[in-house]
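Go by the hints and put chain B onto chain A.
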Amino acid sequence: MGIDFQLAEDMKSQGVHVTSFESLVNWGRASSLWPLQFGLACCAIEMIAATMARYDMARFGAEVFRPSPRQADLMIVAGTVTKKMAPQVVRLYNQMAEPKYVIAMGACAISGGPFKDGYNVLKGIDRFIPVDVVIPGCPPRPEALLDGLLTLRAKIAREKLLGKHRARHANPDGTAAFPVPEFGAHDLEPTANREIWNPPAIVRDAEGGEA
Amino acid sequence: MTAEHLTPEDRQSPDSLSPPDRESPDSLASPDRESPDSLAAAVLARLRTAFPRAGVSLRTNPGPAVQHSLLVSPADLCDVCRFLRDTPDLAFDFLSNVSGVDWPDPSKADAVAAPADEQGTPAAAAGFLEVIYHLYSTRRRIGPLVLRVRTADRLSGVQIPSVVAVFRSAEFQEREIFDLYGVEFTGHPDLRRILMWDEFQDHPMRKDYVAPDDYEYEPTPHAAVLEKAQRHYVQP
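So the sequences go chain by chain: A and B.
For the first sequence, this note's numbering assigns the number -4 to the initial residue and increments by one for each residue that follows.
For the second sequence, this note's numbering assigns the number 602 to the initial residue and increments by one for each residue that follows.
Just chain A, with the same shape it has in the complex (with noise of 0.2 angstroms):
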């Protein structure tokens, strides 16, 4: 910050604020997130409570769900992403304006969750775009979308602007496409987007335990 602490607070009783031009603007962006107005599953009736009056996520300044990419910032991945709906998903994202982000809510969006094991699901959209943060639950409560919202806001307030550490958005090399899948004849081709999805390699033992 390059503030004392101490100092700051002493201006505050005289009536002055000091701020950094970097917390300022990510005060500014993690108030009011617009979420992509779009649901896929039984999560998402757990977003549309949210919204409503008893959990209220207008509170943080999230209340304003956009019909058009264009205009929202925040993806909530709320459901089931199945094989023939994830080229889409991918297509919104990549319509959406930088600064952009992600939350994966629920298991299936996730891992599959109990879907994992089906032929036509997708086993997680982090194979296909960069997630922030994940909320796991199935269905997640309307109190965990507010935590996984209140998650996303402390790491928008922690985003470097410059430097080495910037965010990707203020990175002029980042990209803020990603590639979207095509329909193949057995699967989605490719599966997975290796520059962002890698998982850590596991290795099995012949009885299939880990070694």
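No lab work stands behind these hints: they were computed from the structure.
Be careful, since some hints might not be right.
As the list claims (entries may be wrong) - Simulated restraints, written as ranges between beta carbons of each label pair:
#: 1; chain 1: B; residue 1: 695; chain 2: A; residue 2: 194; range: 46 to 52 angstroms
#: 2; chain 1: A; residue 1: 15; chain 2: B; residue 2: 828; range: 54 to 60 angstroms
#: 3; chain 1: A; residue 1: 194; chain 2: B; residue 2: 663; range: 48 to 54 angstroms
#: 4; chain 1: A; residue 1: 189; chain 2: B; residue 2: 831; range: 20 to 26 angstroms
#: 5; chain 1: B; residue 1: 668; chain 2: A; residue 2: 184; range: 43 to 49 angstroms
#: 6; chain 1: A; residue 1: 167; chain 2: B; residue 2: 769; range: 55 to 61 angstroms
#: 7; chain 1: A; residue 1: 194; chain 2: B; residue 2: 798; range: 23 to 29 angstroms
#: 8; chain 1: B; residue 1: 831; chain 2: A; residue 2: 173; range: 30 to 36 angstroms
As the structure is a computational prediction, the values presented were derived from the model and not from experiment.
Positions of the beta carbon are idealized from the N, C-alpha and C atoms, including for glycine.
Positioned in the frame of chain A, the structure of chain B alone reads:
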């Protein structure tokens, strides 16, 4: 079904068409396993008089369901359906369900049938696909009447005439069976895949379908998943 639900016109119909009363102790004591005095048998008698040359036979089910079915030859399916729908005292006006079955081993297809039926039909060589129709009559309050139709084999002879012209509700269900089992319904107005994408080439509900190996296998007590995991991971 009770007598109060029937109109006077219905009461004049033969009793053999009414389903067995499952709640009465008499029918429980003597289930119609050996001599199927059932809806399917009654309809079969009507079909034999209406279509003497039609390939329709009774498949009894000795299991607890006691739900007998009619095996219909594909060539006669549309005529049989139209007869069942349009005959006033049958009036099977509601096609509740169309489902598919894959029988790679044809000897198992008739495993629950009575021995008399097994002798009559020689087993097909290469297995077959089966489509099952559940018909109800909303006007007569009888059903389900189960119709079974079998393809010639599982490879090229997978054609079955579509019943969309008779029952419009079959349209999407036949598309689903076409998608997941690969049964080609001839005469269907819009035979496309309905769940999987158009470029997909497999039929996932067939017994010999191999799902893509596309996930990281976690420790699990399920034997089938453990087997997959052993194939997936390179042995050290």
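Give me the numbers of the hints this structure contradicts, sorted from smallest to largest.
Violated hints: none at all, because every hint is consistent with the structure.
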